[in-house]
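Participant: Residues in the sequence shown are numbered consecutively from 512, following this note's numbering.
Keep in mind that the hints were calculated from the coordinates and are not lab data.
Careful: at least some of the hints might be erroneous.
What the hints assert, rightly or not - Using 25 Å as the maximum straight-line C-alpha spacing, the simulated BS3-like pairs for lysine-lysine come out as follows:
1) 583 / 533
2) 636 / 583
3) 636 / 537
4) 533 / 636
5) 583 / 634
6) 537 / 583
7) 634 / 533
8) 537 / 634
What the hints assert, rightly or not - Ranges between beta-carbon positions, derived for each pair:
9) 520 / 575: 25 to 33 Å
10) 583 / 528: 24 to 32 Å
11) 636 / 543: 16 to 24 Å
Given the structure is predicted, the values throughout are model-derived calculations rather than measurements.
Using N, Cα and C, we set each Cβ at its ideal position, and we do this for glycine too.
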Amino acid sequence: MTQIIIGISTALLQILIFEYFKQFDKKIIYGLTLAVIGFLYVGFTWTNIQALLIAAIQAIAFLMISYYGITKSTYILAIGYFMHGFWDIAYNLWQDASLIPPHYDWFCLSVDFTVGIYLLILKQKTKV
């Protein structure tokens, strides 16, 4: 439960920071963030070739989702965050969970879902 609270708090802090600094383009910021979090798994899994290949493929997939989210629609970014949250949970079901930091799955899922919900709300309020 603690990891979920920390994850939501982290996402809310990120959202507040970029709401405060209005000169940043939110689609680019959240697109870059989605691309980076995909590549974290590459760093976690570099000692296991099979897991590394899978992590590299998912990282490239999230990079592409980020690109299309930035260039096409905030909805794509939001979907990407939700997909990454599901990836965080699913990873431990079929890969070596010891490669990932303890409780990272629930922490990252809560960050991803919080940001995804924020992006959906933002899209409804503005033309981002």
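Participant: Now, for every hint given, state plainly whether the structure supports it.
Facilitator: So, going through the hints one by one against the coordinates:
1. 583 / 533: holds (21 Å)
2. 636 / 583: holds (17 Å)
3. 636 / 537: holds (13 Å)
4. 533 / 636: holds (15 Å)
5. 583 / 634: holds (13 Å)
6. 537 / 583: holds (14 Å)
7. 634 / 533: holds (16 Å)
8. 537 / 634: Answer holds: residue 537 to residue 634 is near 11 Å, not above 25 Å.
9. 520 / 575: 25 to 33 Å: Given a distance of about 29 Å, which is inside 25 to 33 Å, the answer is holds.
10. 583 / 528: 24 to 32 Å: Hint holds: Cβ distance 25 Å, inside 24 to 32 Å.
11. 636 / 543: 16 to 24 Å: Holds, at about 22 Å.
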